[in-house]
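Participant: Spelled out from the first residue to the last, the chains are:
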Amino acid sequence: MSRLYDTIEPAVIDEEILQTAVEEQGPKEEAGKIAQDEGIDFSDVTSLRLDYKNILKIDNLWCFTSLVKLQLDNNIIEKIEGLDTLVNLIWLDLSFNNIEVIEGLTKLVKLEDLTLYNNRIQKIENLDTLKELHVFSIGNNDIKELDNVTYLRRFKKLQTLNISGNPISEHEDYKIFVVAHLPMLEYLDYRLVDKTSKQAAYEKYEIAILELQHDEKQAEKKAEEDLTKKKENDRHMNAYVEGLSGPYLFESMYAEDAEGHKLKMIPGVDELLLCTYKEKFTEICEQIFEYGLAKHDERMVEKDTFLECLNDAKNENKALAAEKIEDFLDYKKKLWADLNQISDQKMLEMSIAEYNQRTTALWEMLMMFEMQLVDQLEDAIKDFERNMSDMVSAFVETVQGYFTQCRDLENQHHERLVELSIITLEKVVKNEMDEEIPDDVRELFVDKDTIINAVSSSHDVHLLKIDNREDELITRINGWMTDFIEETHQKEEISRNRARVTEINNLIDHLRDELDNLDLQTAPY
Amino acid sequence: MAEDTEQTPEEQKPPSIPETGDAQDETKSVESARNEESQHGEGSEGGGTDEFGAIQENGDELSEDAAALKEELDKIKVEPPQIQDPSEIFDPAEFPESYKENLPKENLVLAFAENFRRQYVHLYRDRKPLFLNPVNECGVEKFVCTTIRPTLLPYKILYDWDGAADFVSDYLNFTPLDPAHELPKRLLSASTVLKRQKGNCFEYSTVLCSFLIGAGYDAYVISGYANKETCLMDETREICPLLKKKEEKKVEEKKKEQKKYTVKPPKDLQSRFEQKMAQRTTKAAEDEAERLKREEEERQAVLEKPPPDPLHGLRVHSWVIVLSGKREVPESFFIEPLTGNAHPITSDNYLGIESLWNNQNYWVNMQDCSEGVKKMNYDLDDCTLWEFMFPSDDKPKLLLPEDELDDFEDDEEDDEKEDERTKKIIDIPPSWIEPIDIKPRDFQMRCPQGKKAKLYKHAKLEKFAHYLMKDGLVCRLSMYEDKELTDLKQIKEYYSNRVDKLKERVHNHRTGWIVEFYKPGRHRCLKEHHYKASGPGPESERRMVFYDEARVDGLQMREEMPTEMTEHFVNRDDFLYYRHVQFGKRPKKFGPAEVQSPRPIIKMVEKYHHNEKKPANEDIAEIVFSVAEERIHVIYHTEDDKISSCTREFLKPGNTEEKGATIVWDPENHTTFQVDMHSKDKKKVEIYEMMCKLIDAENNCRDRTRQSEEEVQAILNDRVREESTSELEISVYDTERNEKAKKHRAELERLQAEEKKRRQEMELDYLAPFLAQVGDPEKITPKLAYKLKEDCLSDLKQRLIDKANLIQARFEKETQELQKKQAWYQQNQVSMQKDDEEEYLNYCSEAMFRIHILELRLNRHKEMAPHKYMELEKKIRSDPRLAEFF
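One line per chain: the protein sequences are A and B, in this order.
Letter 214 of the first sequence, counting from 1, is numbered 214 in UniProt numbering, and no numbers are missing.
Letter 863 of the second sequence, counting from 1, is numbered 863 in UniProt numbering, and no numbers are missing.
One or more of the hints may lead you astray.
Claimed, not checked - From the derived model, a few chain B residues whose C-beta atoms are all more than 10 Å from chain A:
{"hint": "1", "residue": "HIS312"}
{"hint": "2", "residue": "PRO330"}
{"hint": "3", "residue": "GLU354"}
{"hint": "4", "residue": "LYS452"}
{"hint": "5", "residue": "THR486"}
{"hint": "6", "residue": "ASP548"}
{"hint": "7", "residue": "ASN571"}
{"hint": "8", "residue": "TYR578"}
{"hint": "9", "residue": "ILE601"}
{"hint": "10", "residue": "GLU612"}
{"hint": "11", "residue": "ASP696"}
{"hint": "12", "residue": "VAL720"}
{"hint": "13", "residue": "ARG745"}
{"hint": "14", "residue": "VAL830"}
{"hint": "15", "residue": "GLU846"}
As the list claims (entries may be wrong) - Covered stretches of chain A (chain B as the covering partner; in silico rule of three or more C-beta atoms under 8 Å from a C-beta of chain B):
{"hint": "16", "region": "24-32"}
{"hint": "17", "region": "311-323"}
Claimed, not checked - Restricting the straight-line Cα-Cα distance to at most 35 Å, the calculated cross-link-like pairs of lysine-lysine (DSBU-like) are:
{"hint": "18", "chain 1": "B", "residue 1": "LYS614", "chain 2": "B", "residue 2": "LYS652"}
{"hint": "19", "chain 1": "A", "residue 1": "LYS318", "chain 2": "B", "residue 2": "LYS693"}
{"hint": "20", "chain 1": "A", "residue 1": "LYS230", "chain 2": "A", "residue 2": "LYS491"}
{"hint": "21", "chain 1": "B", "residue 1": "LYS683", "chain 2": "A", "residue 2": "LYS333"}
{"hint": "22", "chain 1": "B", "residue 1": "LYS492", "chain 2": "B", "residue 2": "LYS452"}
{"hint": "23", "chain 1": "B", "residue 1": "LYS680", "chain 2": "A", "residue 2": "LYS33"}
{"hint": "24", "chain 1": "B", "residue 1": "LYS156", "chain 2": "B", "residue 2": "LYS244"}
{"hint": "25", "chain 1": "A", "residue 1": "LYS333", "chain 2": "B", "residue 2": "LYS603"}
{"hint": "26", "chain 1": "B", "residue 1": "LYS683", "chain 2": "A", "residue 2": "LYS28"}
{"hint": "27", "chain 1": "A", "residue 1": "LYS314", "chain 2": "B", "residue 2": "LYS613"}
{"hint": "28", "chain 1": "A", "residue 1": "LYS110", "chain 2": "B", "residue 2": "LYS613"}
{"hint": "29", "chain 1": "A", "residue 1": "LYS314", "chain 2": "B", "residue 2": "LYS680"}
{"hint": "30", "chain 1": "A", "residue 1": "LYS110", "chain 2": "B", "residue 2": "LYS642"}
Treat the hints as calculated values from the structure; they're not laboratory data.
Yeah, the Cβ is synthetic: ideal placement off N, Cα and C, and Gly gets one too.
Please construct the entire structure, taking both the sequences and the accompanying hints into account.
Facilitator: As structure tokens, this is what we get:
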């Protein structure tokens, strides 16, 4: 082999190779002739074989997007690359190459059969996304660690595995180990795995496998939990009340408030005010949260009923129209049969006239249905729009009420804080301060202005935070509503209507054309 | 007849004869047709006396001579022989004692009943006598309650009331009461009735009641009055129960919900007024039709109404009532034992109740029955409504609690009182009748001789026992258009145990259609076969329904017309659900046509369901192969948001029929309509391949059609063959009918017998070897006998000694080994490992055990050997061959 490489120049996948391969492997005989006349688009090719071409680098395959089967065996490829666009691949053969690392396959999620036989791979890796893998051949490689086998546990559909000819196959327990760790296997190294050997293997490695299973289950559980958490979070996001289920808003108020932290140090502030203040504030936040979720659900139910009704109306309309068309086609079939019988020119003309008339009648009928539907949908959409905007504005008002409560709380808190600070200032001035105050806080108590400034700047920050949150909520919900209504208008009314009208016209034109074509045939009579 | 009357002078005044004849007819018309038969003997007798009476009446007008002649003739008296039905006489010898005599207890009960009757007659003079003490087979009076013997036979269907009632009505043949307005004199025991398989209504009720009480129902025999039809088991005005349609539960249609955003319906532009007017006219027409229909129905009802019955309300009848409470019976109801049907207790058929009883007590009805039984109350505890005969223990309210207390207190004093009480509460003696038993064979036959026919309104029902008819027929229901059962409308036949799984055949004589229903399990999974009686062959009008779940091709139904065939499929992987083929006429062929050529196909249509995985406008919905026109028309499915479907049409290139020829492509051959104008046109290659595929599909479809035709032919052939053999299946568990199993069993028995015989022969002949030594002489001389004996005994002796020696040898060997081991142990004891030591100890105990056993065996052998020796000696002495010498 190696001598072969020396003598022959490594090739590159270029237009010519591809073209010849496609033509060779494309349709044969008559179909081939037609195809040649017409030319074959690379994007239509489903199967491609590029073996024994001495290819060094995978390249220029990006346009074969509908490729299902690709054979690149018996080349001198060193790196798996350039396959990212071939997402429809099910069958990939890279055997007898010089690949050292498994990579560049993550996009091929539909892959079911992967062959990497006779390469120089040392580690099985980077295959996590290939959930559909059925057959995997990695024989005659350089895999040394048995741990590589456990990696394959994640492929639940794996049925056939070839891993012979690797250093690990020399291991005395190799076979039992593989069978035990991959219970879903049906064929291992060209042989059927029978039940008894599975059982025996399992018994041997029971503890290790149980441990593995336990770990996997834990991981699964965690992933599930994450997923549910994420879902929950998404739901909150969609209800525009994320972060309102606890003291997060309150904490964020203080997060960017340097003065606030200092002011906390003033004796009496922390214990008395902050605790009760925080509690009350959080309570209101939670109220907003609950209310938001409830209203969100209501809105979704409303939206679903609306869409359902729209679909019902459309289906009903479609059934009506389809029935009319069906009737017409029946009539047409009969007429066609009759036309072949009629020899009288007058009768023929009459029939044709009737046909034309009926075609027009069909057009009118279909258009009428369409207009009816448009009217109906418009009404429904208007109704929905009105109801939804009522719902949204009611929601916004209530939420605004809650936020006003928040602001009131903040104001109260601010007043108390001012009082406390003045008292403390007096104490400091008179040096009657009992407790120790950190230096940076003490700096605030230089004079009245400083302390008042600090307190009010903290207050401002807090108010700003509350306002921002409120604004965000309101903007988002209004945005959603207008978007949805707009989209519905666009999709249901305008696009749908246009498509339908085009379709009707197209159909009527076709029906008329058909008569014309038929006339040509019958004219000689 | 007229000539005869002229010759004989006494018959000169026959004007009276027709009169008497009329009178006779009248009396006859009262009875039913059945009655007529049984009464025939008596009727003729009555006619005879009437004749004489008429002669006497007209005697005044006769001349002297004639009078003398008459006198002379009067002396000649004819006594018509009394024909007694032999089946009505019973030989007392056949019956056990209990039938011929009464136990003291029974006598007591009878006396009690007599007392009751006397009081009753005294109190209610105008009421009819009660049915209390009829005589039995042997002419002995028996109290009716003791005639009921609760029995539960080991047949499953007798456990439920409907099964039991059906069985009794089927199993017995009905004899009407004679005369119809009087209670029967005799009540036969249930076992006799079942043996004879016939009885009157009282016997029917008694048998049925025995079964029902045995099965745990609260059932009673009723003696009362019913209308003529019920009394005579005349069901010709009833609709056959098999024809009664079960009321289908209507699935309530879910009302379409009016949702919040449901679109408003388009404006209705029709005139309300016009609608109203149209409605009015249609309503008037409907009313008219309704009226006509009603009138017609009334007319029909009048026609069918039975003629007035002069004995209405007097006809005595007996039936069964099942009261609610036991066996989860929710409501009381009547069972008519003659037909086995249940009737509500408000039934019109029953006109009055005189009394009712079960195996424990007898109640007399005290309620007014002038308006039938509709308003009757069946609370038997209420003594104002029901007069009981025996105060029973079950109803403690009849006993005052003080009485019981008294009993306790003055137990000894009140012997008299005690007596009185026992008198008061007489327990009914056990039933006198023999245990009721039905043999499995008779039970299977069900009806007398296994056949029974019943007449219903416009229908005749014939029942047959299983395996009675060669073709497995068990039931035949013929439906007629008219009352006289002459105009046959339809025949339904039910089969069972047929090898060909046929279970029902309906022959409609009006339309000529025959429908056959099959049970699952047939070859080719046939379920129903509809065909015309006139055209049983292939290529005629027919319909076959299949068990589609059992068929690989999912075929559900195949309909055929002379030139058409339609097939319906379900659950196919290729989504095909419909195939329609139109055939043309066979081209006329000259010369001998041995094999009929298949009919030419003109057109084939295949329809497919939508495959969700494919885009709708590329998923074929319908293919029309116009074979004659060489065209293939394809219609695709409609997309969700579209109303029209894409189509394609191919003109087949000319050379497709040639084998191996490449199909030439010509763009002119293809036309298409695409719903979406902007969709990309298909490539020519794709269209070309599509065409090739369609041509393949056409060939395929043609092959399938031919296969279907063949299958039809095969099924029809099968049917003809099956019909001609009409084999019946016999269960392997049916030991009586299964010939094969019987044979097998007989074979087994034979083998067993042989085996036994052989074993007997094999029994050791201890003399045989010695006889063989001397060459099996014919005759044994004393000397030889002596020698034989000696040899035989010495041989045994030798064997016994050998055995003892053998045991001894083994014993010694074991002992030696043990000693060796012991020696070895003692030598190496010091350097011994613990394991080895243990091993040694184990060995020792085992060896000791073996030695012990050997010792025991030797001792026992020693003990037994002399006995054995003696035994053999004795045997030889008594051996038939040698006995004479010793």
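Participant: Each hint: holds or not?
Facilitator: Evaluated hints:
1. The beta carbon of HIS312/B sits about 63 Å from the closest Cβ of chain A, which is more than 10 Å, so the claim that it is off the interface holds.
2. For PRO330/B, the requirement that its beta carbon stay farther than 10 Å from each beta carbon of chain A is met, with the minimum near 46 Å.
3. Every CB of chain A is more than 10 Å from the CB of GLU354/B (nearest about 69 Å), matching its label as outside the interface.
4. Distance check for LYS452/B against chain A: the nearest CB is about 56 Å away, which clears 10 Å, and the non-interface claim stands.
5. The beta carbon of THR486/B is kept farther than 10 Å from every beta carbon of chain A, the shortest such distance being approximately 48 Å.
6. Interface exclusion of ASP548/B from chain A stands, the closest Cβ pair being 27 Å apart, more than 10 Å.
7. No beta-carbon of chain A is positioned within 10 Å of the beta-carbon of ASN571/B; the least distance is around 25 Å.
8. Every C-beta of chain A lies more than 10 Å from that of TYR578/B, the closest at about 16 Å, which supports listing it as non-interface.
9. With a minimum CB-CB distance of about 18 Å to chain A, ILE601/B clears the 10 Å threshold, and the non-interface call stands.
10. GLU612/B, annotated as away from the interface, keeps every beta carbon of chain A farther than 10 Å; the closest lies near 17 Å.
11. The beta carbon of ASP696/B is kept farther than 10 Å from every beta carbon of chain A, the shortest such distance being approximately 14 Å.
12. For VAL720/B, the condition that its CB be more than 10 Å from all CB atoms of chain A holds, with the nearest at approximately 40 Å.
13. Non-interface status of ARG745/B relative to chain A is upheld: no Cβ of that chain comes within 10 Å, the nearest being about 42 Å off.
14. Annotated as non-interface, VAL830/B keeps its C-beta farther than 10 Å from every C-beta of chain A; the closest such distance is 44 Å.
15. Listed as a non-interface residue, GLU846/B keeps its Cβ farther than 10 Å from every Cβ of chain A; the least gap is roughly 36 Å.
16. Here's how the region 24-32 of chain A fares: 4 of its residues keep a CB closer than 8 Å to some CB of chain B, so the rule of at least three is met and the hint holds.
17. Counting residues of the region 311-323 of chain A whose CB lies closer than 8 Å to any CB of chain B gives 6, so the stated coverage by that chain holds, three being the minimum.
18. At roughly 26 Å between alpha-carbon atoms, LYS614/B and LYS652/B fall within 35 Å of each other, so this suggested pair holds.
19. For a cut-off of 35 Å, the pair hint linking LYS318/A to LYS693/B stands: about 32 Å separates their Cα positions.
20. Pair hint LYS230/A plus LYS491/A holds up; C-alpha atoms about 30 Å apart against a cutoff of 35 Å.
21. Restraint check for LYS683/B and LYS333/A: satisfied, since their Cα atoms lie roughly 29 Å apart, inside the 35 Å limit.
22. Proposed proximity of LYS492/B and LYS452/B is supported: the alpha carbons are some 16 Å apart, at most 35 Å.
23. Among the hinted pairs, LYS680/B with LYS33/A is consistent with the structure: their alpha-carbon atoms are about 22 Å apart, no more than 35 Å.
24. For the given pair, LYS156/B sits about 25 Å from LYS244/B by alpha-carbon distance, which is consistent with the 35 Å threshold.
25. Proximity of LYS333/A to LYS603/B is assessed by CA-CA distance (about 14 Å); at most 35 Å being required, the pair is judged to hold.
26. Taking the CA atoms of LYS683/B and LYS28/A, the gap is about 16 Å. The hint holds against a cut of 35 Å.
27. Distance restraint check for LYS314/A and LYS613/B: the Cα-Cα separation of roughly 23 Å lies within the 35 Å cut-off, and the hinted pair is therefore satisfied.
28. Proximity of LYS110/A to LYS613/B is assessed by CA-CA distance (about 16 Å); at most 35 Å being required, the pair is judged to hold.
29. Pair hint LYS314/A plus LYS680/B holds up; C-alpha atoms about 27 Å apart against a cutoff of 35 Å.
30. Using a Cα cut-off of 35 Å, the hinted pair LYS110/A and LYS642/B holds, with the two alpha carbons roughly 31 Å apart.
Violation of the numbered hints given earlier is absent; every hint is satisfied by the structure.
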